[in-house]
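Chemist: Taken in order, these protein sequences are the chains called A and B.
Using my numbering, count along the first sequence one by one with no gaps and you end on 341.
Using my numbering, count along the second sequence one by one with no gaps and you end on 1319.
Keep in mind the hints are simulated off the structure, nothing from the lab.
Any given hint could be a false lead.
[Unchecked claim] Derived DSS-like pairs: lysine-lysine, alpha-carbon spacing no greater than 25 angstroms straight-line:
no. : chain 1 : residue 1 : chain 2 : residue 2
1   : A       : Lys27     : A       : Lys101
2   : A       : Lys239    : A       : Lys178
3   : B       : Lys1226   : A       : Lys20
4   : B       : Lys1226   : A       : Lys212
5   : A       : Lys212    : A       : Lys239
6   : A       : Lys20     : A       : Lys212
7   : B       : Lys1226   : A       : Lys27
8   : A       : Lys306    : A       : Lys27
9   : A       : Lys178    : A       : Lys212
Computed from a predicted structure; not experimentally measured.
The residues making up each chain are set out below.
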Amino acid sequence: MANIQLRNVTKTYGAVNVIKGIDLEIKRGEFMVFVGPSGCGKSTLLRLISGLESITTGDLYFDGERVNNVIPSKRGIAMVFQSYALYPHMTVYDNMAFGMKLGGSSKADMEARVRRAAGMLQIDHLLDRLPRQLSGGQRQRVAIGRAIVRDPRVFLFDEPLSNLDAALRVQTRLEIAKLHHDMRDVTMIYVTHDQVEAMTLADRICVLRDGKVEQVGTPTELYDRPNSVFVAGFIGSPKMNFLEGNFAEAHGCATLGIRSEHIDIVPEGQEMWQGRVVHTEDLGSDNYLFVDVGSGEPLIVRQPGKATIPEGTVVSLLPRPGMLHRFDAAGRPVQMPIAAQ
Amino acid sequence: MIDLLTFLFWNLLYFAAFVGITLAVVFPFYYAVLSSADRSGERTASGVFWNIVFWIVVALIVLIAIFPFYYAVLSSLETGTQLFIPNYLPQSLNPANYEAVLTRPSFVSSIVNSVFVATVTVVAALFLAVTASYALARVRFRGRGLLLLTILAVSMFPQIAVLSGLFELVNWLGIYNTPWALILSYTIFTLPFTVWVLTTFMRDLPVEIEEAAIVDGASPWVVISKVFLPLLWPALVTTGLLAFIGAWNEFLFALTFTITETRRTVPVAIALLSGASQQEIPWGPIMAASVIVTVPLIALVLIFQRKIVAGLTAGGVKG
Ligand SMILES: Nc1ncnc2c1ncn2[C@@H]1O[C@H](COP(=O)(O)OP(=O)(O)OP(=O)(O)O)[C@@H](O)[C@H]1O
Ligand SMILES: [Mg+2]
């Protein structure tokens, strides 16, 4: 329900400059995902928005109101922590109702809100249990439920799924997506390391690097039109292939990028690059060929289905037209990706 | 010079002999306990053997710990010349000593004083220590480490060193010969330990739980009372119990800061129990009084032992 604006926000711990001037607008009801390498300041930025850390310089606005000096509970936020952070000595019900109790809500009101949130997350039957009697997935759902009960303007998630196993992660991810769908006008900010979470959940992704915003855009924008070598390499799995030296010069740039699924194996003679398959990885639905074309690292080529080309084969490769990304020496795009010459 | 060297030499020799004998005595026990831990599961001859040794060691330790108290109980039930004949099994069950002690009004009032002083000391020390340790463990401020060290340093001073200073303070406050003089001095002496222990415990509580509470709208006081206190139960019980025992047993301050019979605490009252004449030490009543004042401590420990539940924080956070 809130439009969040950051204006030249910085954060320093002692002499260490962690957030180096961030300008960002998060629209009402938007699902914004922060991604970036470890230590780039994602959690710190989230905590600045939550109010758990104070902003060193710059301004933070919620719906046009400056909230730099507003305490967390008055900002209308709810936070879901990576480690769940449930109150160990309280039942699930009390955990979820604690905030309302402190706010002085009536018992009936509290009961209704807790039951509704528990219903949304299918944890009704757990309300009398203590956190230690729950599985990891259930605990994280209780933590999400506690956040829902607060009826926040802004939801903040700091890597909420990274303690769960793969299957549970997918399931809880879907639940968060559903939550976003059900609570259309609640703004959500989500920190993650996980490519898939970022791509599937986000309305927009904000890539952070070393305390600065590297690029903000929809998942498709970032994937198709990365604004720098850094973003190109960071978004997408497997990583985008980068070619330098002669390979790049042939296209008039310093670094040439091509995603693994945009390279086709073609009959000899039509190729742009040629190389030997040095390694294959079979993922069941797809397979990756690692082809040594003579640049530094082998090119990764993604093929649908099972691997049919044995290691050691020499293959001819051709990038799809329009899918090459060209970057200059500073890592910035030369222009819109153009077709192979 | 030679004198000094020979002196040093002999003392070193004594010390070495002492260490050697201690090790020689203790090591077999130690080894027995370790071995039994390894092998008590086995139903082999050596497993059974080590199991037996283990229980012998346990019995010895219990015997050494319990015997003095047991002997006090025995003696308290004896009167007259019987007291001076060593016996290890109950020979008489004469409650005369207990009657004698409990009918003295000054002794009864000293028990009341002790209960009051120890209880208020525990409450005051825990309240101050919990709030102080929250600040020391969780609030970032300049000089925190130095402050912690200073607090620890306070507990290095022996009682006798601060006695006269405290006496001046007590006089100046006008609380001489009142329970508050004792409460003040005991609180001063238990606080460093209590603060130190609680700070360590509080530091280990997950930060995220506190942050979740802050987001939920909890003030620092609510965080302490509604979130941390329930999690600190084991530490509170342990430190509270130790503070209680310390206050209950303390002698020097109690002797110095009280003057009238009705204001004394139990340890002083027992020490000043007088017999029929100057020459007679009333062993019987002293033993009875000692038993009477030891029982509450044992009861407290047994009660709270059940409350010290490990792993209270389990489930709140991952890890
Ligand atoms: N309290 C603090 N004092 C000093 N430096 C800090 C403090 N908290 C964080 N930092 C530093 O700030 C930087 C950013 O930390 P932050 O936790 O925001 O990273 P992150 O992007 O969330 O990383 P991760 O993905 O590993 O969680 C790190 O270099 C960290 O060392
Ligand atoms: Mg982080």
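Chemist: Please go over all the hints and tell whether each is borne out by the structure.
Modeler: How the hints compare with the structure:
A threshold of 25 angstroms between alpha carbons decides the hint, and for A:Lys27 with A:Lys101 the separation of about 30 angstroms lies outside it, so the pair is violated. Distance hint between A:Lys239 and A:Lys178 is unfulfilled; the C-alpha atoms sit about 29 angstroms from each other, more than 25 angstroms. Proposed proximity of B:Lys1226 and A:Lys20 is contradicted: the alpha carbons are some 37 angstroms apart, above 25 angstroms. Of the supplied pair hints, the one linking B:Lys1226 and A:Lys212 is violated, its CA atoms being roughly 39 angstroms apart against a limit of 25 angstroms.
Pair hint A:Lys212 plus A:Lys239 holds up; C-alpha atoms about 22 angstroms apart against a cutoff of 25 angstroms. Proposed proximity of A:Lys20 and A:Lys212 is supported: the alpha carbons are some 6 angstroms apart, at most 25 angstroms. Between B:Lys1226 and A:Lys27 the CA atoms are separated by roughly 36 angstroms; this puts the pair beyond 25 angstroms, and the hint is violated. For the given pair, A:Lys306 sits about 43 angstroms from A:Lys27 by alpha-carbon distance, which is inconsistent with the 25 angstroms threshold.
Straight-line distance between C-alpha atoms of A:Lys178 and A:Lys212 comes to about 30 angstroms, which puts the hinted pair past the 25 angstroms bound.
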